[in-house]
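Protein sequence lines correspond, in order, to chains A and B. Here the working numbering is used: the first residue of the first sequence is 7, the next is one more, and so on. Here the working numbering is used: the first residue of the second sequence is 9, the next is one more, and so on.
Hints were generated in silico from the structure; no laboratory data involved. This list has only true hints and no planted wrong ones.
Not close to chain B: a few residues of chain A, all C-beta gaps over 10 Å, as computed:
no.: 1; residue: Glu-177
no.: 2; residue: Val-178
no.: 3; residue: Phe-181
no.: 4; residue: Gly-264
Pair by pair, the computed Cβ-Cβ distance ranges are:
no.: 5; chain 1: A; residue 1: Gly-264; chain 2: B; residue 2: His-150; range: 35 to 41 Å
no.: 6; chain 1: B; residue 1: Cys-356; chain 2: A; residue 2: Asp-260; range: 49 to 55 Å
no.: 7; chain 1: A; residue 1: Ala-173; chain 2: B; residue 2: Lys-29; range: 55 to 61 Å
From the structure, some residues in chain A lie toward chain B, with a derived Cβ separation under 10 Å:
no.: 8; residue: Tyr-10
no.: 9; residue: Phe-15
no.: 10; residue: Gln-27
no.: 11; residue: Ile-97
no.: 12; residue: Pro-101
no.: 13; residue: Glu-102
no.: 14; residue: Met-105
no.: 15; residue: Glu-137
no.: 16; residue: Gly-138
no.: 17; residue: Ile-143
no.: 18; residue: Ile-147
no.: 19; residue: Thr-191
no.: 20; residue: Ala-218
no.: 21; residue: Phe-223
All C-beta atoms in this analysis are idealised placements derived from N, C-alpha and C, irrespective of residue type, glycine included.
Listed below are the residues making up each chain.
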Amino acid sequence: MIDYAKVDFAKILRRYDVEAQNETTPEAVAKTMLPKDPVLYKVAECVLYMKFKDVGPATSEALKTKDALDIINNGLVVGMECVAKLYAEHIYYLPEIMMAAKTMEIGIAIAEKQIPGGRTTKGTVVMHAAEGDPHDIGKNIAAVMMRSSGYTVIDMGKDVAVDDVVAKVKEVKPFLVTGTALMTTTMTAFPRAASKLVAAGINIPFMAAGGAVNRDFSESFDLGIYSEKAPQTPPIADKILEGYDWKRIRAEWDDIVGA
Amino acid sequence: MAKYTKMAYSSPDEMVFGHAKEPVSYGFGIKVGAGRVIPELNYGPRPGSEASPEKLRKEYVDYISKDVLNRCVTLGFPDVQLETEWISQMGDPKMATPVVEGQRAICEKFHEEYGINCAVRQTIPDQREAEEGYRPGMNGKHSYPEHLFQCAEVACENGADVLSCETLGGKELGDYATTNGDIVAFLFGIGYLGSIDMEYVWKEFVNIAKKNKVIAGGDTNCSGANTSMFMAGGMLDQDVQRTYSAVTRAISAARTLVAWEQGASGPDKDCGYEGPICKAIAGKPCAQEGKNCQCAHADLQGNLMAQVCDLWSNESIEYHPEFGGTSVQCWMGSLGYEVALMNTAIQCNKEKDLRDLYMITDRERGPEGHILAYDNAYKIGQAIVSEGNNYYLRAKAAGLTAAKLIKEHNDAKELQLTRKQREVLEGIIKDLEALPDDEDKFFEYCCKKYADVPNFTLKNYGL
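For reference, chain A alone in the conformation it holds in the complex (with noise of 0.2 Å):
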């Protein structure tokens, strides 16, 4: 082998990984977003810190003086706030992400048995790989992130047909439908499903995503709305709830993702 002892990897290459590195750490984030009260905030911590095995007992023992949604929204959600604020400070990762909201689903269900009626949902999405695409792990991340950001998903997994998403979209009427497709040859069935749907009268933006669609693609139909990345779709579903139709989130979309 060449000898590369005294190669200068400087000249060669740069380690923008390691140059960027975020000096931040969780419990400084922790001190500064969690709430002050200890009930709530053991329970944040538990979700902080991915604690599921703890999640459970610490809602339990919270129930006994604080109310259900208190529970939910001031500690097991602000728990995820945290864990998002270091995601996108790169000190998490995503597998972080999916442990945190694993353990915050946890301690959800056991508080919302105390609420009359089940906890009230922000909205309903239907999600989807297109037909012929047995690839769906980003629809998977998305739809743990919408799910742990307050929205009720409705995922129909892969492969599914173009009159199957339509048909699902009838019946349950959600505020926003997406597909993911990892092939350009099926990506085709997004402006098929979303002709179909305005045929039917029915206006929601349609989310086309995945590695094989870039945003000209998913604009490129009526109700088409893009998403490069997981994360980036609770930010859009919220601004969608707040009114935006598929032309305002297409005209103010790098606003909405911060790119």
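Once you've looked at the hints, dock chain B against the given chain A.
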């Protein structure tokens, strides 16, 4: 079938691009691993071309294949391998057959007319879904397992030179593992169950290929280790740590190897970045991709992956117009000239120098490339063959060896890691070292721990 328990190469330095211990010949004059590197061009049809069999045939044969072969002649390239990765619609024989027949015919025409060496790799789609069942007879709605073997028959009966597939066995656990950062789940899903699935599938593929006198090439862990690498992304991406994806790559080598143990002869698939490890063990030719596949995706080892390749691929490019011709022609030029450089190095007896330069440029770009540098890949290969007869133990040995190599080289300041990459790496070593040496105990532990992973069922693996 016998498993690999010793290395094909006596030292890492023996490995070089263009030479394999067991070269393979096929098609119209193609010889892989026999002293020169062959460019392999892969392409995707435009959206809409799947509308009918005639449209699809025209796209693949009259446009794509013809454009590629013409560009090879224009630029004076002596060899080319086409690779057709079947789109899902080609699961229907009416869609697939005209494409396979047409590509063979056009290769024959160019070979006769110009003497260019050419062949077609037909990579059939594995559309099996864990929820419907991985094996024939499980009565899934789409009968995907039955279609998988039917596709192999259609490809081999109608003119494929090489049969390949990107099988999905273990994916349900692999996806769970990567999204949750759980290396044990990856080892169980990809290293263990994935190998069992490979054994089942490739035994049949090899039978079908032999029956039709077609070369059974090999596989890749695209659906596992590539998912992990893709999500780990570039320098500033934030979904998966690259120390995790590096270890998944090592584990995947133990799985990809199974196709060759079942009788496939190589070349394996280009997107199997685990190729250097597999080649070190088996001596069969491997296809790789890197710097000339930026049309499909970015990776952090674009030069390094050329170090010991036998076919050099662009991964895939959608057919469309560019300033320099069609997209397939432009990327053919890019591939062909890179391969010409490698072959020039061989002719000038400088192939080991070029190999090392390719490797050194990316060796410290990140942990994924680091463990694939041929000297490290060789060590991972040695770990695999030391436990060669046991799917679990060899996959675990591969992962643990890769993780320890990264740690050792980080300690020695040869390879930089972020704190998070290091933290994840140490967790991986701890988790893998805590596993039992007994396969039955591991199996029992994992079945219990991952019982609730969506769509996981032992029935898919005949267990």
